[in-house]
Structure formats: C-alpha cells, structure tokens
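**Q** The lines below spell out each chain.
2 protein chains.
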Amino acid sequence: MQEGVASEACSLAGTLGLGNLVVLYDNNKIQIDGPTSLAFNEDVKKRFEAYGWEVHEVENGDTDFRSIHDSIDQAKDHGRQEGINKPQFISVRTTIGYGSKVAGQNKAHGTPLGDAEIVRMKEQWGFDPNKKFYMPDQVEKYYQRTAHQRSQEVRKAWNDLFTRYSKQFPSEFKELNDHFLPIKPASGSPIPTFIGQPPTLPSGLLDRLPHYKQEDKAEATRKSSETVFTALSKELPTIIGGAADVLGSTLATVKGSPYIKAGDYTGRNIAFGVREHAMFAIANGIAAFNPSLIPYVSTFLVFAPYGLGAIRIAAISHLRVIYVLTHDSIGVGEDGPTHQPIETLTQLRSLPNINVIRPADGNETTGAYFAAVDGFAHPTALALSRQALPQLPGSKAINVKKGAYVIFDTASPKEGETIDGQVEQEQKWSKILTIISTGSEVHLSIAAAQLLSKSDAQLRVRVVSAPCLELFREQPAEYRSQVLGTQSGPHRQPSLILSVEAGDTISWYEFAHVTMGIDTFGVSAPDKEVYKHFGFTPEGIAEKAKKALKVFEGANVADLVKLRI
Amino acid sequence: MQEGVASEACSLAGTLGLGNLVVLYDNNKIQIDGPTSLAFNEDVKKRFEAYGWEVHEVENGDTDFRSIHDSIDQAKDHGRQEGINKPQFISVRTTIGYGSKVAGQNKAHGTPLGDAEIVRMKEQWGFDPNKKFYMPDQVEKYYQRTAHQRSQEVRKAWNDLFTRYSKQFPSEFKELNDHFLPIKPASGSPIPTFIGQPPTLPSGLLDRLPHYKQEDKAEATRKSSETVFTALSKELPTIIGGAADVLGSTLATVKGSPYIKAGDYTGRNIAFGVREHAMFAIANGIAAFNPSLIPYVSTFLVFAPYGLGAIRIAAISHLRVIYVLTHDSIGVGEDGPTHQPIETLTQLRSLPNINVIRPADGNETTGAYFAAVDGFAHPTALALSRQALPQLPGSKAINVKKGAYVIFDTASPKEGETIDGQVEQEQKWSKILTIISTGSEVHLSIAAAQLLSKSDAQLRVRVVSAPCLELFREQPAEYRSQVLGTQSGPHRQPSLILSVEAGDTISWYEFAHVTMGIDTFGVSAPDKEVYKHFGFTPEGIAEKAKKALKVFEGANVADLVKLRI
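Sequence order for the protein chains is A and B. Under the numbering used here, the first residue of the first sequence is numbered 1, with each subsequent residue one higher. Under the numbering used here, the first residue of the second sequence is numbered 1, with each subsequent residue one higher.
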C-alpha cells in the first residue's frame with residue numbers, strides 16, 4: 001500500500017480496466033515500526049476509486065467470515081460484468097495477531113509468540129495443543145467437499161470445452177500447442193498442465209531472423225533491434241510487452257497489433273506509462289503466469305535501476321523476461337550525465353542468473369534476441385546504442401551464444417585458425433595485444449587495432465567482441481583461453497589484454513589486465529564530443545594500448561582464465 | 001504523476017501535513033508516447049485529496065495567468081493557516097506546445113520546432129524574430145519592479161530579525177553558527193549565505209565517539225552502529241532521518257527525539273513507511289536544501305536497489321547522505337534469498353562518487369560514521385551485519401579513512417613494520433598469501449590465516465581489512481602496494497592475493513588474484529548454516545587459499561597496483 005510500485009501497478013490496472021483482478025487489503029492499521037498512522041494517513045478507499053477501482057469494505061475481518069466471502073463473490077461478479085471493467089478492491093479491517101496476547105500490536109508482525117502462548121491459543125481456538133504441523137480431519141473433509149469437488153467439476157467442464165475446441169478449430173488448437181506449454185485435451189491426459197519447459201523454438205528460427213552484411217548501412221543497434229524484434233514477434237506470437245513512455249526512442253513494439261485497453265485485450269502492446277518498476281514487475285507476472293509467454297519491456301538503460309527490485313525477482317524466479325534497454329552509454333546526446341549510464345551494465349551483470357548482452361552491430365543484435373528467447377530459465381537485458389554503428393565484417397549472430405569471440409585480428413588468420421596457429425609461426429610476432437570490447441566500442445577498437453598494427457610491425461592486435469560476459473564465463477576454459485590469447489607463443493609472452501567499454505571498469509578486471517572505461521559520471525555534449533572527451537576514439541584507444549604495453553613490457557601478466565578456480 | 005516515487009513522497013507529505021509545499025501540475029494530457037489516456041486514467045484531484053492534500057484547479061493555464069497567480073496565493077495562504085496542515089496541489093490545464101504548429105501533440109515534448117516555426121512563433125507573441133537568447137527590457141524592468149524590490153524588503157526584514165535574535169539569544173545563535181553554514185547577521189555581511197562548505201566537524205570528534213577493545217563483547221555491527229550513531233547524533237544536531245519501517249532491525253534513530261508529525265516539526269526522526277525510493281529522494285532534498293544538514297536513512301542492504309535512482313542522484317549531485325544498510329549478507333537468517341544481498345555491494349560500488357563502507361567490528365563502525373560525516377561532497381553507504389562479530393585486536397577507527405589496512409599477520413610484525421621489513425629477512429618466508437576481506441568475513445579470514453600458518457611453516461599469511469574500496473583506491477600507489485604485498489621479498493615472489501567477501505565477486509578482481517565469494521543467489525537456513533553452505537568458515541577459507549596457492553604455484557601473479565594506469 002505504501003510502496004510506489006503498487007501505486008504504479010494499481011493505477012495502470014484501473015486504466016486497463018482489469019475486472020478479473022480482486023485485491024484483498026488486510027487493513028490492520030499496523031506496520032513493523034508501529035501504527036500505520038505514523039507514516040500513512042491516506043483515505044485508501046478514495047485513492048483506489050481515483051485509480052478507477054471499485055472498492056468494497058468489510059468491517060470485521062476478525063470473525064465475520066461471511067462478509068469476506070460475500071465481498072469476494074460480489075467483487076468477482078462486478079468485475080466480470082460487461083462494460084464495468086473495474087478492478088475490485090476489498091478492504092478488510094482486521095486485528096493483527098487476533099486472539100494472541102500481542103493482538104493489535106506491531107510486535108505481532110515478526111516476534112515469535114513462544115511455546116506457552118501457542119499452546120494457549122490452540123486451546124482457545126479448539127485445536128489439540130499437543131499437535132504441531134497437523135491439519136484436523138474436519139478441515140480436510142471440508143476442502144474435499146468444497147474446493148476439491150468444485151475443482152473437479154470445473155476441470156471437467158474445461159476439458160470438455162477444450163476437446164470440442166480441438167475438433168472445431170484444429171488449426172487454432174495446433175497454434176496453441178506450437179507456442180504454448182504442452183496442452184493436452186481431455187482425451188489424452190487428465191489435466192492440461194502448465195508445468196515444465198515451454199515448447200522449443202520453431203526450427204530454423206535464427207536463420208529466418210535478419211542478417212547483415214558489411215556493406216549494409218550503419219545503424220544504431222536500437223534500430224537493428226526494431227527490425228529484429230519485428231521479425232521475431234511475427235515468428236513468436238507469445239511475445240507481448242511495451243515501453244515506459246519512451247517507445248519513440250526504444251523502438252520495440254509488436255507492429256500491427258493494437259495497445260491493450262479497457263475492455264479489449266486482443267492487443268500485444270502495453271503502454272505502461274512512466275512506471276519502470278511496475279512495468280518490470282508486470283513482466284514478471286506475465287512470465288510466471290505461463291512460461292510460454294515471452295514478455296519484453298523497454299526503457300533507457302539508465303532507467304533500469306528504477307525497477308531493479310523487480311529485475312532481481314525475475315532473476316531469482318527464473319523468469320524469461322527481455323529488457324530492451326537503449327541509450328546504453330555516453331552516446332546519448334545533450335541530455336548529459338543524468339541520461340548516461342556509467343555503472344548500469346555492472347549493476348545488471350552483478351546480479352546472478354541474468355544475461356546482459358550488448359551487441360556491436362546488426363548481426364549481434366539478432367544473436368542477442370535469439371539468445372534471449374532461447375534462454376528459458378532466466379531474464380536477459382539487451383543494451384542497445386542510440387548512435388549508428390557500422391556493420392562489422394567478422395560479426396556473427398550465432399557467436400553471441402558463446403559470449404565472446406575474436407572478431408578481428410591484424411594477422412588475419414583464416415577461419416578457425418587460432419592464436420597458436422600457422423600464422424604466428426610464420427610471422428614471428430614478439431608481442432600480442434588483445435582488446436576485448438562490447439557494443440558501440442567494438443568498431444572503435446578494430447580501428448585502433450589497425451592504427452596500432454601500422455605503427456609497430458612486431459605487434460599483433462586481436463579484437464574480441466564480448467557481447468555477453470555471462471555466456472562467455474560458461475564456455476570451456478580452452479575456448480576462453482583461445483579467445484583471450486592467454487597461451488604464450490613461440491616467440492612471445494601470453495597476450496596482454498585491454499578491455500574497452502564506455503562505462504565503469506569494475507566488471508572488466510576479471511577479463512582484462514588493463515581496463516579502459518569511465519569511472520566518473522558523464523558530461524553533457526553531442527555524442528561524438530563526449531566520446532572524444534573520454535578518449536573513446538581509435539586514436540585514444542591506441543594511445544591507451546601503447547601505454548599499457550609499455551607499463552607491462554617484460555612484466556608478468558596473469559593467466560586470467562585461472563582466476564575463477 | 002505516474003512514477004511510484006512521487007506517490008510515495010506525496011502520500012507522506014499528506015501524512016506529515018506539509019502545508020508549506022505547493023505543487024503545480026502541468027496537466028496537458030500528453031506524454032511522450034501519446035495521450036496520457038493510453039496509460040493514465042486517474043482522477044488526480046481525488047487521488048491527492050485521498051493523500052490529504054488540498055487541491056486547486058485552473059481551467060485555462062494557456063492564457064489565464066491571473067488564475068494561476070491567484071491559485072498560488074490561495075494555496076500559500078491555506079497551507080500556512082494554523083491547524084490546516086495540508087500540502088497544496090494546483091492542477092493547471094494546459095496545451096503542450098501552445099501556439100506552435102504541434103500544439104496539443106506529443107511531438108511537442110521533444111522534437112525541435114525548427115527555425116521557421118520559431119520565427120513565426122516569436123512574431124506571433126510579439127518578440128523580435130531576429131534575436132536569439134535575449135530578454136526584452138520590459139521583462140527585466142518588470143522583475144526589477146516586482147521580484148527584485150520585494151526580495152530586498154524581505155531580506156532586510158530577515159536581517160533585522162536575525163540581528164535582534166543574535167543579541168537576544170546569543171547561545172542559540174552560536175549553536176546555529178557552529179553547526180550550520182556560516183551565517184552572518186546583517187551588521188557583518190549584506191546577506192546570510194548558504195553557499196560553500198558546511199562548518200568543519202567539532203574538533204576531537206573521532207576521539208569522543210565509541211572505541212572498542214578486543215575484550216569487549218562480540219556484537220553485530222548494526223548494534224555497534226546504534227551506539228556510534230547515538231553518540232554522533234548528540235555531537236551533531238544537524239543529523240536527521242529515519243527508516244523505511246525496519247527501525248527495529250536497523251536500530252538507527254536519534255534517541256530522545258520524537259517523530260516529525262503533522263503540525264509538530266521539532267523532531268529529528270521521520271517514519272518514512274515502506275517507501276525506500278521516496279526516503280532516499282527526501283534525504284537528497286534535505287541535503288540539497290542546506291548542506292549543513294546530514295540526512296541519514298536506513299533499511300536492509302537488499303532493499304537499497306528499490307531506491308537506486310535516488311542514490312544515483314545523491315552521488316551525481318554531491319549530496320552528503322548516509323545510508324545505514326543492515327542485514328548486509330547471507331547472515332540474515334531464514335528469510336532466505338529474497339533478503340540476502342549478493343550483488344548489492346557491487347551495485348553500489350559501481351556508482352561513481354559514493355563511498356561504500358563495510359566495517360568489520362565496532363571500531364571500524366566508528367571509523368565508517370566518521371568518514372561519512374567528514375565526506376562532505378558525496379553520499380556514503382554503510383553495510384552492517386545482523387549477526388554478532390568479535391572485536392578485532394588490530395582494528396582502528398582511523399584506518400577506515402585509508403580504505404584498507406593490514407589487520408593481522410602471521411609474522412606478527414611490529415607496528416609500522418612493512419612486508420619488506422626486518423621480520424621477513426630473518427624468517428625467510430618462501431610464500432606469502434594476502435587475504436583481503438571486509439565486514440563479517442574479516443574475523444573468519446583471520447582464523448583461516450591462523451589455520452594456514454599452522455599447516456605450513458614456509459607460508460606467511462596476512463589479512464587486510466578493506467572496509468572501503470573507494471577510499472583505498474585514493475591512496476598513493478606505495479601504500480596500496482604495501483597493503484596488498486605486491487613487492488617481492490628476498491626469497492619469494494610477490495604475495496598471492498585472495499579476496500573473501502560473502503557476496504558476488506565482480507568488484508574483487510581489481511584487488512585480488514583469486515576471489516572467494518558467492519555468484520549465485522543465497523539459500524534459506526539459519527545464518528551459521530548458510531555461512532557453512534557457502535564455505536565461509538575458517539576451514540573453508542583455508543581450503544580455498546590452499547587451492548589458490550597450488551594453482552598459482554610457480555606461476556606469475558600480476559602486480560594489481562599497476563592495473564589502474
């Protein structure tokens with residue numbers, strides 16, 4: 001009732017007229033630190049009516065169970081009536097810890113009652129005081145008689161209906177089976193089940209998504225995202241979602257489908273309003289309701305922290321939510337530091353069980369979406385650029401799943417040739433530098449590698465594109481070692497590794513000996529100016545690389561693959 | 001109007017009866033993605049009345065300036081009337097982009113009008129279309145006649161009052177000068193100024209705060225925090241704040257002072273309710289209003305992300321806010337993963353311009369608070385334990401300011417003796433291990449060091465307590481090198497460094513060759529069981545250390561101090 005996320009969600013529920021929603025409010029006037037009046041003096045009924053809800057009140061929730069029951073029935077009836085479209089709110093006045101010695105007190109919230117008081121209360125309510133964790137027979141019988149019987153009737157009616165449906169609408173029934181959790185009509189299995197893995201993705205899906213060639217025009221990955229997402233949302237009708245009032249910037253929408261609105265829920269788009277936290281929480285609800293559904297939600301990367309609590313819940317609950325987060329760096333224009341995420345990638349990466357993917361061009365954007373829908377048991381955050389990025393010659397959608405791969409090498413080895421391959425034997429490089437980079441900094445790193453190579457014939461420079469550090473960590477040590485260049489060559493030490501990302505450096509020490517990033521807040525200027533200011537130009541990166549090579553000349557570099565022992 | 005943080009703050013403003021608050025709502029029915037009706041169908045007047053506000057409405061905010069003016073006057077009058085105590089809300093119906101060709105459209109929000117349209121609009125409103133960035137004389141004259149003159153009168157009246165006050169109440173006047181920004185009565189400087197640094201802390205403050213001896217009883221740092229905070233809040237009357245309904249757990253309160261409530265604002269405690277985001281945002285407002293004020297706000301560490309947007313604003317705006325964040329790890333008991341922060345320390349550390357301090361015992365808690373109040377130009381997050389921790393023999397409050405320091409050494413060097421000192425020459429250690437740890441894991445690391453030392457006479461183990469990585473980074477390279485043991489000794493390689501913290505490892509690769517942490521979500525069990533499960537026991541840490549020593553035996557270890565080049 002006090003948390004902002006509830007206000008956001010309830011306001012939207014009112015706007016969308018969610019008549020199937022019935023909320024019971026345990027109005028006991030107590031919170032952990034004391035009476036709610038210390039911090040909460042609202043007219044709750046009026047507030048929910050202002051949101052467009054219908055409000056019911058139960059005066060005595062301690063003992064008048066009939067009124068609670070009737071209110072729920074009434075709420076369900078009203079909410080489902082044609083044309084009303086109002087979510088239903090039932091405020092039930094109760095006493096916290098009713099019947100115990102701490103009744104009506106805030107300590108009833110968390111303090112254990114103690115054994116003696118539990119015995120006394122069991123006696124008071126007619127339970128056997130000597131039994132613990134047991135259910136009286138009469139309770140079981142009651143539920144057998146009511147809930148169990150009723151559910152069997154409801155289940156039978158549903159199964160009958162569904163069997164008729166499967167015969168009358170065979171193609172629609174097939175579509176349901178193709179895209180939703182295995183659903184079996186009554187003749188097969190006793191009950192339709194929503195437990196288990198959702199159906200596998202349509203075969204050949206990745207091939208049918210957009211792929212880019214080097215000569216295709218440069219575009220922002222948010223723009224590539226629009227193209228890829230449009231293709232994907234045609235392939236997967238279970239994709240639904242929307243934006244927190246920045247759709248014109250994030251560009252992620254199910255084209256051709258209307259917005260969901262009060263009384264018409266056929267659309268696949270939701271206008272969440274400026275409500276990031278509720279947006280992320282609603283996405284959790286959609287994914288949890290049925291794991292076949294694929295909710296996506298979009299805003300600027302810098303605003304992801306406004307709903308971080310809900311992102312944590314998605315990760316901890318293994319929910320397949322896709323966060324489309326654009327304006328992912330300092331390339332956002334004159335909005336300045338408030339709109340330039342510095343720490344946000346690290347904040348998301350630090351969360352267990354989420355993949356954070358920052359694609360470098362169109363192909364990697366395709367790979368990022370494919371990894372997101374294919375990753376059933378976790379959320380995925382996509383970090384996308386506002387500014388245009390060139391299509392990179394070495395980029396491959398399928399490589400995103402490996403987390404990181406060599407995208408450029410001044411030694412130009414042939415396909416599949418590794419750092420220890422023939423090329424190196426012939427050319428006798430004395431130094432190798434590996435630049436590991438993501439997103440909008442990969443093409444700059446490649447240009448820097450070319451500059452460096454020209455200025456020092458003994459130096460071989462490799463560029464690793466690392467769209468997803470979490471997926472890279474999951475690769476075998478051998479692959480990681482190959483990508484990072486941690487083996488020594490015949491004439492040289494292992495590769496020195498420099499990370500290049502226009503954000504804070506904290507998440508990079510695991511993968512690089514030297515980091516290039518931004519550990520202060522941003523600045524306000526056109527994007528090219530800001531990039532220049534922080535040294536993220538081919539020349540700036542090359543300069544940093546030269547400095548790193550000099551500092552580490554002849555020094556030992558650690559084998560970073562060993563770090564996670 | 002849609003963001004949850006506004007709901008939280010406005011609800012609290014109503015409860016606290018903030019009659020001095022007047023909010024103007026630019027009710028133009030348009031948001032970035034289209035008409036607000038897509039996502040927002042509230043009866044705003046009713047909602048604010050439900051919060052306990054008085055609501056005024058202006059029908060035509062486009063041209064009826066008199067009504068806006070009168071509403072503001074009326075709101076100010078009503079809000080200040082004795083006994084009303086209602087914040088004032090003025091809903092002004094306007095047309096976005098009024099008078100332009102995009103009037104009433106969402107593109108008026110962000111799309112530039114273009115030169116031709118700007119010229120046309122200037123002509124339409126009677127401005128010289130050829131002038132840019134200029135202010136007509138008549139505007140300046142108007143403000144000279146009104147605002148400027150009025151402010152001079154108000155200022156003179158204030159100065160006169162203040163001069164009389166300084167004479168009539170000399171000791172109260174002195175107190176104001178001691179604890180607030182330099183305030184000069186009318187006779188000295190023309191105006192009292194709130195610009196500049198707040199007064200320096202009372203001399204000898206750190207000495208007067210609680211200090212602990214090894215024989216003092218073990219206690220949770222949240223408990224030490226209660227003691228230290230109580231002492232500090234007596235010394236510094238400008239400390240004000242409160243908790244998000246978990247005061248019984250965070251224990252941070254100004255003892256002896258009441259809660260602020262409607263009509264009585266003499267208290268220094270605020271019951272924020274379950275409203276983390278607004279709590280952090282209100283703290284920002286207090287710090288920004290007058291930098292002499294020191295707002296503190298408390299909740300569980302795992303809930304800090306609920307208000308991360310406001311923490312970011314504190315950091316970017318250089319506000320001295322203190323976040324008292326308890327239950328800082330897996331030692332929180334049966335609440336389980338939802339209440340066990342894993343990623344949260346890294347999420348805070350990744351933010352520029354904030355100090356994150358995790359003290360290991362009572363002395364470090366004193367040092368943490370001292371660093372927090374002494375750090376004028378940035379916020380500080382304190383991460384405090386729920387479980388009891390022993391008072392450590394080598395801990396020192398003043399060392400917190402260095403960020404990290406050697407707290408234990410199996411070679412027991414004398415005070416001030418470094419890793420390259422006499423001790424090492426005599427004893428000829430062949431291996432050195434440095435365990436760098438924070439908070440509740442420091443005493444476990446010391447016990448592990450003792451175990452390791454017993455099992456291998458050639459091995460010297462040092463333990464570094466690192467309460468604040470940000471402050472450590474600011475130290476000279478020589479000090480950091482000394483603490484981390486990065487120099488080689490006469491008979492050995494540089495120290496291998498192992499980090500030990502019961503949270504995600506991402507922030508540790510910068511400071512350690514091998515990390516021990518938790519990169520999954522937590523588990524639900526009593527705290528000692530959870531610690532054991534994740535290996536955070538003296539035996540578990542020793543085992544990890546042995547493994548690390550074996551993996552890196554004879555291998556190169558990087559000089560980590562070189563990383564930030």
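What the hints contain is simulated information worked out from the structure, not anything from laboratory work. Backbone N, C-alpha and C define an ideal beta-carbon position, used for all residues, glycine too. Treat the hints with care, since some could be wrong.
[Unchecked claim] Straight-line Cα separation of at most 30 Å, DSS-like style, residue types lysine-lysine; simulated pairs:
{"#": "1", "chain 1": "A", "residue 1": "LYS107", "chain 2": "A", "residue 2": "LYS132"}
{"#": "2", "chain 1": "B", "residue 1": "LYS223", "chain 2": "B", "residue 2": "LYS101"}
{"#": "3", "chain 1": "A", "residue 1": "LYS29", "chain 2": "B", "residue 2": "LYS454"}
{"#": "4", "chain 1": "A", "residue 1": "LYS107", "chain 2": "B", "residue 2": "LYS547"}
{"#": "5", "chain 1": "B", "residue 1": "LYS544", "chain 2": "A", "residue 2": "LYS107"}
{"#": "6", "chain 1": "B", "residue 1": "LYS46", "chain 2": "A", "residue 2": "LYS234"}
[Unchecked claim] Taking CB as the label site, the calculated pair distances span:
{"#": "7", "chain 1": "B", "residue 1": "ASP26", "chain 2": "A", "residue 2": "VAL523", "range": "27 to 35 Å"}
{"#": "8", "chain 1": "A", "residue 1": "LEU201", "chain 2": "B", "residue 2": "ALA388", "range": "31 to 39 Å"}
{"#": "9", "chain 1": "B", "residue 1": "HIS69", "chain 2": "A", "residue 2": "PHE289", "range": "46 to 54 Å"}
{"#": "10", "chain 1": "A", "residue 1": "LEU113", "chain 2": "B", "residue 2": "GLY285", "range": "34 to 42 Å"}
{"#": "11", "chain 1": "B", "residue 1": "VAL523", "chain 2": "A", "residue 2": "LEU113", "range": "22 to 30 Å"}
{"#": "12", "chain 1": "B", "residue 1": "ALA388", "chain 2": "A", "residue 2": "LYS141", "range": "47 to 55 Å"}
{"#": "13", "chain 1": "A", "residue 1": "VAL119", "chain 2": "B", "residue 2": "PRO199", "range": "35 to 43 Å"}
**Q** Kindly indicate which numbered hints from before are broken by the structure, ordering the numbers from low to high.
**A** Going through the list in order, the structure violates hints 2, 3, 4, 5, 6, 8, 13 and respects the others.
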